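Asks: Full structure from sequences and hints, please.
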Amino acid sequence: MLWYKAWLETRWRFVIGLAILMVSACGTVFAYPQVMRLMPLASTVHATGELGRRVQEAVELAREYRGYIWSQWFRQNLIQMWTVFAAILGAGGLLSQSSGGGALYTLSMPASRARLLGVRAAAGLGELLALAVVPSLLISLLSPAIGDSYSPVDALVHSACLFFGGAVFYALAVLLSTIFPDIWRPLAIALAVAAVIAIGEMFVRDVWPYGIFSLMNGETYFRSRHIPWAGLVVTTAAAAALLYGAASSLERQDF
Amino acid sequence: MADAPVIDVAGLQKRYGSIDAVRGLDLQVPRGSIFGFLGRNGAGKTTTIKVLLGMTRPSGGAARVFGLAADAPGASVEIRRRTGFVSEDKELYDFMTVAEIVRFTAPFFPRWRRDLEERYMRSFELPPDAKVKTLSRGTRTKLALLLALCRGAELLVLDEPTAGLDPAAAEDVLQTLVVHAGRDETTVFFSSHQIAEVEQIADRIAIVDRGRTALAGALDDLRESFRRVQLVFDREAPQASFRAAGVARVRRQGRVLTVIASGGAEPILDEARALGPVSVDVGPVTLKEIFLETVASEE
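In order, the protein sequence lines correspond to chains A and B. Sequential numbering from 0 applies to the first sequence in numbering that gives the first Met the number 0. Sequential numbering from 0 applies to the second sequence in numbering that gives the first Met the number 0.
These aren't lab readings, by the way, just hints derived from the structure by calculation. Bear in mind the structure is a predicted one, so any value in this text is a computation, not a measurement. Careful, some of the hints might be misleading.
Stated by the list, open to error - Here are a few chain A residues that face chain B, going by a calculated C-beta distance under 8 Å:
no. : residue
1   : Trp-2
2   : Trp-6
3   : Glu-8
4   : Arg-12
5   : Leu-106
6   : Ala-110
7   : Ser-111
A virtual CB, placed ideally from N, CA and C, is assigned to each residue, including glycine.
Replies: Dropping the structure here:
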């Protein structure tokens, strides 16, 4: 029944996230014919520096549908929105409910705090997996409608990279939620950490291509068809360590 | 072990930063009793209850429920499996309906009483499809009580169960508790600062003040041992100090000198008569007076 409670607590965040991502996935697919029509104009764009390089790269990738989907969806839209929803789903929990939110009722149940946190974390991770997989598979499903195709296997591999790479941001929000008794600070700090890492990676990607966002967008798989096992193991271990820390922190809290 | 207290607290301490919420509290709650835990606001009642249920860790001392250490995580789960609890604010899940929260709670308790669930749903007139957040204070309290009583618990821990209720609703709750405790031989441990309701249903009490047990025992014994000795003089009542033990308080008011004795009236009667009063009257003391004298003497 703890699963049921976790679902009731987070269902609206999940449903809203899923709806937004699915609409975004549809938009990404149905914008492609328009992008192809504009492609001849790309040669007239003269931007310099990092911006110019990225525009040029996006144009080159968009010449193939697979490259366009990776560039627009897995590298931009999905990864950004999914990370935001990872922080949103991770924020909150027992400590934020300690003032009139039913925390004492939950704590009066014959369940250990580790189990309470474990079930909530597992439910949240399940929702995040769905947020990564369902909209991505929708792209495979919708692509024939514009006369193209996108491999469901590619969609699943990129979704898995996103999920196992990005679970660390969810776990961070869960950990922060066992420290701060409100929902906003964990959310804000987790998002700030993600933003700082993303910006940092942008500047060092030429000398250090192993950033977490590169891992999450599955760039290695896109370019070489190799799954970045080592990186995924590291981030999964980091997420597990953060969740363990969250359980320890919750165990020490007085309500 | 049949006679071992259900709750056994010795020297319990709880400190929040620089504040001592509980300062060496002792408590024994016998099996089958209805135990009133009396104290002013901030006396340490809620903190003690939270320690007993593993919601707060003690800073010192020991708290055992059913012989299990309340601060051991594994034992605490077992304690909660055998305990029904109603919190002071009647905290429940606002986002669930009445039926949903009952359905959520029942599977945690192997001895869940479906018969009681049906009976209390009817007698409390609880609307199954109403969201908990829409319930009135009284209905919410009744739902919280249903969720505690149906657990098939050996022990009920109730933190201010009638707080915020009108007299009729409070009476309903108290009667339900008495009937339930009598029928199912459940031990009831409830905190309150409503002396009248404690007097109405409790057979044993503890008065806690500033984090310590100031007085504890069977209510009848306490009523028996506390006596008011009233001395009336034909002049201004004299200043008097009594050597006998058990003088809780001496109050002068005009020609009347009132002595509250905690160890019966006999030990102080000789001293009282030696003061030359025109009349000496010995009478019983109410729980309210015992409480006020106990709390005042702690000051």
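Asks: Determine for every hint whether it applies to the structure shown.
Replies: Right, here's what the structure says about each hint:
1. Because the smallest distance between the Cβ of Trp-2 (chain A) and any Cβ of chain B comes to about 10 Å, over 8 Å, the interface hint for this residue is violated.
2. Contact between Trp-6 (chain A) and chain B, as hinted, is not supported at the beta carbon level, the nearest pair being about 11 Å apart and thus beyond 8 Å.
3. Interface restraint check: Glu-8 (chain A) against chain B, minimum CB-CB distance 7 Å, threshold 8 Å, status holds.
4. Interface hint status for Arg-12 (chain A): violated, as the beta-carbon distance to the closest one in chain B is roughly 13 Å, over 8 Å.
5. Annotation: Leu-106 (chain A) was flagged as interfacial toward chain B, and the flag holds, the nearest CB pair being 5 Å apart, inside 8 Å.
6. Interface restraint check: Ala-110 (chain A) against chain B, minimum CB-CB distance 7 Å, threshold 8 Å, status holds.
7. At about 6 Å, the closest approach between the beta carbon of Ser-111 (chain A) and any beta carbon in chain B falls short of 8 Å, and the interface hint on this residue holds.
Violated hints, listed in ascending order, are 1, 2, 4; each of the other numbered hints is respected by the structure.
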